[in-house]
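Number of protein chains: 2
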Amino acid sequence: MNYKTLLVDDHAIVLDGLQSLLSEDQDFEVIAKVNSGNFALAHIRSTSLSLMITDYSMPDMNGLELVRQAKSMAPDLKIIVLSMHEDGQVVQDLLLAGIDGYVLKKYTHQELLQAVRVVKQGGQYWSPEINKILIRGISKAEEGPNLTDREIEVLKLLMQELTSKEIAGKLFISERTVETHRKNLLRKTNSSGTVGLVKYAYANKLV
Amino acid sequence: MNYKTLLVDDHAIVLDGLQSLLSEDQDFEVIAKVNSGNFALAHIRSTSLSLMITDYSMPDMNGLELVRQAKSMAPDLKIIVLSMHEDGQVVQDLLLAGIDGYVLKKYTHQELLQAVRVVKQGGQYWSPEINKILIRGISKAEEGPNLTDREIEVLKLLMQELTSKEIAGKLFISERTVETHRKNLLRKTNSSGTVGLVKYAYANKLV
DNA sequence: ATGTAAATCAGTATTTCTACTGACGGACCT
DNA sequence: AGGTCCGTCAGTAGAAATACTGATTTACAT
Numbered sequence: 000m001n002y003k004t005l006l007v008d009d010h011a012i013v014l015d016g017l018q019s020l021l022s023e024d025q026d027f028e029v030i031a032k033v034n035s036g037n038f039a040l041a042h043i044r045s046t047s048l049s050l051m052i053t054d055y056s057m058p059d060m061n062g063l064e065l066v067r068q069a070k071s072m073a074p075d076l077k078i079i080v081l082s083m084h085e086d087g088q089v090v091q092d093l094l095l096a097g098i099d100g101y102v103l104k105k106y107t108h109q110e111l112l113q114a115v116r117v118v119k120q121g122g123q124y125w126s127p128e129i130n131k132i133l134i135r136g137i138s139k140a141e142e143g144p145n146l147t148d149r150e151i152e153v154l155k156l157l158m159q160e161l162t163s164k165e166i167a168g169k170l171f172i173s174e175r176t177v178e179t180h181r182k183n184l185l186r187k188t189n190s191s192g193t194v195g196l197v198k199y200a201y202a203n204k205l206v
Numbered sequence: 000m001n002y003k004t005l006l007v008d009d010h011a012i013v014l015d016g017l018q019s020l021l022s023e024d025q026d027f028e029v030i031a032k033v034n035s036g037n038f039a040l041a042h043i044r045s046t047s048l049s050l051m052i053t054d055y056s057m058p059d060m061n062g063l064e065l066v067r068q069a070k071s072m073a074p075d076l077k078i079i080v081l082s083m084h085e086d087g088q089v090v091q092d093l094l095l096a097g098i099d100g101y102v103l104k105k106y107t108h109q110e111l112l113q114a115v116r117v118v119k120q121g122g123q124y125w126s127p128e129i130n131k132i133l134i135r136g137i138s139k140a141e142e143g144p145n146l147t148d149r150e151i152e153v154l155k156l157l158m159q160e161l162t163s164k165e166i167a168g169k170l171f172i173s174e175r176t177v178e179t180h181r182k183n184l185l186r187k188t189n190s191s192g193t194v195g196l197v198k199y200a201y202a203n204k205l206v
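Protein sequence lines correspond, in order, to chains A and B. Residues 0 to 206, numbered by numbering that gives the first Met the number 0, are exactly what the first sequence covers, in order. Residues 0 to 206, numbered by numbering that gives the first Met the number 0, are exactly what the second sequence covers, in order.
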């Protein structure tokens, strides 16, 4: 089987590295190396490709946009994304866009080879960290309002299904004080009750 | 690196097949083939193993139970589960139990070899269908099996930070009824309060 | 037809949470 | 020395949630 492969990265050195890596496997034929998303799309439009390996961060277009346009033009094109992001939102968007592999840059060599082979066989490959994110489910990495240390402490105990009284006992403070912290948490998170606090905790990875 | 491997399956023919498959890779040393969960646990207890490849369906113990006990005895033991189940719940439980690979029986040969190599390198491997389940899990609602439609409805409204009274108004039912649903939700999710319900909703993608 | 499960509703009691007002000492910064 | 934020605590009130007891109707499957 001959696997026509397109490499996309804005650093020439990376492109060369990828090519030499792929040369270890006869099945892969690197038909082009390009350094921008638009060049990549041009190739996809004009040539029948099997696989694209692309960086996520690029000058003219981010990886997500490239993947979406590529998939809309060539739904059968396999796509492996190289990235240094372990950010849940980025990963989630890419997975939903239909990529077949996601390899963190810190691994590359051996693991990328594994990834391309898996993908060639119709499988999908994610770096270990990505699998963790998948398994755990995904939460956004957003900065929220500034909670004080004590408030965060209370919130974390709240997440363990403790009542205010139990939290007070655990922190050796009065129930009143815990209620004050809760009150401030409600205000700072613009929520109207316990549900909002838990949702905030999830959204901010305080789980 | 020498990878001490234990094979678990209640069909001798499968065990033989696995062994011959692994013989293709010098790194793996099959130190035992057993046909039941309890025999497997005995080996894990007495020997220092690196990898266990196990069937999911077995006479004395299901795969999930085996995995849990194995992991509690030997947390560093890598585990690959062979199964014909593509059922979401089964998969989810196994993943949360900490397995490193899940290969559907319909693939076995080439793919299993891929899987063991990935796992040997510290990675994780899932069959394509499993990846789909994982991805679906992050985008769509994977419902817990035991909740009724109405309970799910109430839970979803609860997640929108509505009080029981507001939910009652929205569903044109009495506050009492909403409280009954909440009570049943608490029981079914083994939680002690609102926090637990929200956490359950997140864990089951009812957000 | 009989049984099981779901969905609906009620009373009573207790606990927990939220709303409001107000306060005091300490740390830190200017 | 004065301002601001943090963490601490209090009283009073009411709203909401949880714990227990139950019940009726409908619907669906055995």
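Some hints could be false.
Copies of the same chain are indistinguishable here, so a pair counts whether it falls within one copy or spans any two.
[Said to hold, decoys possible] Listed next, the in silico DMTMM-like pairs over lysine to aspartate or glutamate satisfying Cα-Cα at most 25 Å (straight line):
no.	residue 1	residue 2
1	198	59
2	169	150
3	105	75
I should point out that these hints are in silico values taken from the structure, not numbers from a laboratory.
### Message
My question is about residue 105 and residue 75: at a cut-off of 25 Å on alpha-carbon distance, are they close within one copy, between copies, both, or neither?
### Response
Close across copies (23 Å), not inside one copy (28 Å); limit 25 Å.
### Message
At most 25 Å between CA atoms: does that hold for residue 169 and residue 150 within a copy, between copies, both, or neither?
### Response
within (14 Å within a copy, 33 Å between copies)
### Task
At 25 Å max between alpha carbons, let me know whether residue 198 reaches residue 59 within a copy, between copies, both or neither.
neither (33 Å within a copy, 40 Å between copies)
Against the hints set out earlier in the document, a violation occurs for number 1 only.
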